[in-house]
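J.: Chain by chain, the residues run as shown.
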Amino acid sequence: MPRPTVLVADDDPVFVQSVAAVLGTRYHVRTVANGTEALAVVDDDPPDLIVLDVMMDHMSEGFDVARSLRNNDATALIPIIILTGVDRVYNLRLEVDESWVPADHYLEKPISPEDLMRKVGELVGPGEAKP
Amino acid sequence: MGESTGPRPQTQGAPGSAVRHRSGTEKNRFSYIFSWELHERLLWFCKLRWLAALGLALASVLGPYFSMPSTSPSLAVVAVLVALYNVVFIHVLRARLGPEKDYAALRGLAILQMVTDLAALFFTVHFTGGCSSPVLPFVVFHMAIGTIMIDGRTMYGLGFAVAGAAASLFALEHLGVLAQVATVVGGRSTVGSCVLSMAMLVVLVFGVVYLTDSVTSRFKARNIELHETSTELRRALEEQAQVERRKSHYMRISAHQLRSPLGTIKTSIQVLIDGYVEPGSADGRRLLEGTAARVDSLLAIVNDLLELAKMREGRARAPWTRKVSINQILADLFDALDPYAREANVELIPHFINEGAAVLDWAVPPDLVYAFENLIHNAIKYSKPGGGTVTVALGIDRSHAMVVVADDGIGIPKELQDDVFLEFVRAPNAKHAQAEGTGLGLSIVREAAQMHGGKVSLESAVGLGTTVTMVLPLHHIPPEIIDR
Numbered sequence: 001m002p003r004p005t006v007l008v009a010d011d012d013p014v015f016v017q018s019v020a021a022v023l024g025t026r027y028h029v030r031t032v033a034n035g036t037e038a039l040a041v042v043d044d045d046p047p048d049l050i051v052l053d054v055m056m057d058h059m060s061e062g063f064d065v066a067r068s069l070r071n072n073d074a075t076a077l078i079p080i081i082i083l084t085g086v087d088r089v090y091n092l093r094l095e096v097d098e099s100w101v102p103a104d105h106y107l108e109k110p111i112s113p114e115d116l117m118r119k120v121g122e123l124v125g126p127g128e129a130k131p
Numbered sequence: 001m002g003e004s005t006g007p008r009p010q011t012q013g014a015p016g017s018a019v020r021h022r023s024g025t026e027k028n029r030f031s032y033i034f035s036w037e038l039h040e041r042l043l044w045f046c047k048l049r050w051l052a053a054l055g056l057a058l059a060s061v062l063g064p065y066f067s068m069p070s071t072s073p074s075l076a077v078v079a080v081l082v083a084l085y086n087v088v089f090i091h092v093l094r095a096r097l098g099p100e101k102d103y104a105a106l107r108g109l110a111i112l113q114m115v116t117d118l119a120a121l122f123f124t125v126h127f128t129g130g131c132s133s134p135v136l137p138f139v140v141f142h143m144a145i146g147t148i149m150i151d152g153r154t155m156y157g158l159g160f161a162v163a164g165a166a167a168s169l170f171a172l173e174h175l176g177v178l179a180q181v182a183t184v185v186g187g188r189s190t191v192g193s194c195v196l197s198m199a200m201l202v203v204l205v206f207g208v209v210y211l212t213d214s215v216t217s218r219f220k221a222r223n224i225e226l227h228e229t230s231t232e233l234r235r236a237l238e239e240q241a242q243v244e245r246r247k248s249h250y251m252r253i254s255a256h257q258l259r260s261p262l263g264t265i266k267t268s269i270q271v272l273i274d275g276y277v278e279p280g281s282a283d284g285r286r287l288l289e290g291t292a293a294r295v296d297s298l299l300a301i302v303n304d305l306l307e308l309a310k311m312r313e314g315r316a317r318a319p320w321t322r323k324v325s326i327n328q329i330l331a332d333l334f335d336a337l338d339p340y341a342r343e344a345n346v347e348l349i350p351h352f353i354n355e356g357a358a359v360l361d362w363a364v365p366p367d368l369v370y371a372f373e374n375l376i377h378n379a380i381k382y383s384k385p386g387g388g389t390v391t392v393a394l395g396i397d398r399s400h401a402m403v404v405v406a407d408d409g410i411g412i413p414k415e416l417q418d419d420v421f422l423e424f425v426r427a428p429n430a431k432h433a434q435a436e437g438t439g440l441g442l443s444i445v446r447e448a449a450q451m452h453g454g455k456v457s458l459e460s461a462v463g464l465g466t467t468v469t470m471v472l473p474l475h476h477i478p479p480e481i482i483d484r
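Chains V and E are the protein sequences, given in the same order. Per my numbering, the very first residue in the first sequence carries number 1; after that it's consecutive. Per my numbering, the very first residue in the second sequence carries number 1; after that it's consecutive.
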């Protein structure tokens, strides 16, 4: 069984490297730096899971991408984890109404590698260790 | 009172002598405010008029019992007329001429009411004994109310009209043109008693107008002062609230900007601690270098925030220096930044438009250096990839120095050109071209320009470049120096 593919979208290359290092232990990881690139990759080769940062080129770019994916029949079922924490207002609003932005899980930055692996595992399975 | 509805302005009063010296615009402003007061007073006066109509009706009924049988029908007609025109005035005030209407229209209506009432009163005076009429003193009552509602100057004019009307009435009665009516106490008035009544009336009318105007004009002046003070206070409170909102917003975005790299640093360290990446491996070194870069960016943000705070709060303590040469600052910066420009493959071109030096009477040299360095550094950083040119021009006229920094680089999208001087605003293409950047550089530049009495502006086109222009007055004396 092939390793599930996780697409990580974040404009901070150092953070992306950290996330990729963690997820890369059990998943195939692709990385992009903004929402436009994320949508292009999904369109070209849909991943099994998307990890989206909220604030990239624009204030709520991650939310916009998540909504766009959910509104498209072809991509509506791809699980999404949103990385928040840049703006606590978002977090408070999400606590009140999680349907405000469609995502399966939310993680607040800084993230714990353990939490990240657990939440990804819940959505796409435990993956497979590198041979 | 309290007839009018809707929002009321804070201060009430009527414009009179106290506002006569004001400009036309101010008069209009105050007139608008006072129109609310006048509207209420007119409605109140309409209420009193019902009492007058009632009194007249009663007098017409009771007249025969007071030796005035012949005047009863006439008084009844006057009572009906007063009631009718009162209905019309109330209708106009409520339906056509609300308090939101301009003061001039309401004032016109007030004068019309006053004239109509005085006319009705003189009819009543005629039908109740002429110059010996017991209702003659009501003229004085009207004049007092008129002075309160309108203003002294108008009422002095009306006073002459009243005196003229009274004199004409009494003369016509004594000449036999109008039939003299017996007074309540019986008998007809003599010429002597009429002259005495006229004299008393004139003294009372003008005396009452004078006294009422003296008192009310002081109240009006105090109302205006109160209005001005409350307006200033409201404005100050609004400004303070705006400053607080700005501070709060600034603190929030500053915290966000610090939190973002901190989140990355914490995550990277945790990844290393948890053993997902070996610190000694190539990936580990890359991660550590990236983390160190994030620490640098944090420090840069903190430094820029401190610089900005210093400029904003520490102007009074800033090292204001006499006769500061911009030429010298730019020359030093050229020497300092040339290696960086060469490294970036950017040609740095100085262009001094005029002969002579641009010398500011007063300046804070470190802040100017920081601002110009930011501008030139930005121009090099975002210059055309693979090699471009940055031109730094200095122009001088009699009163201003103009520093222009132009690059042929990536440019700034049109929709962000107004915002890039705000804290932490960075265009996406700038982030892509250069990941590092605090987003505070242009805020510092603007702050430096403003504290030197100048301003900064930019023109830009994506892919063609950006030109930032800072204009500084040569002879600006900062308030901090004046305060000293």
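Worth double-checking, as some hints may not be accurate.
[Said to hold, decoys possible] Derived DSSO-like pairs: lysine-lysine, alpha-carbon spacing no greater than 30 Å straight-line:
no., chain 1, residue 1, chain 2, residue 2
1, E, LYS266, V, LYS119
2, E, LYS310, E, LYS384
3, E, LYS414, E, LYS384
4, E, LYS310, E, LYS247
5, V, LYS130, E, LYS266
Hints in this document: simulated from the structure, not taken from any laboratory.
J.: Evaluate each hint against the coordinates.
T.: Evaluation of the provided hints:
| no. | hint | in the structure |
| --- | --- | --- |
| 1 | LYS266(E) <-> LYS119(V) | 19 Å, holds |
| 2 | LYS310(E) <-> LYS384(E) | 33 Å, violated |
| 3 | LYS414(E) <-> LYS384(E) | 18 Å, holds |
| 4 | LYS310(E) <-> LYS247(E) | 15 Å, holds |
| 5 | LYS130(V) <-> LYS266(E) | 25 Å, holds |
Consistency note: the structure conflicts with earlier hint 2 alone.
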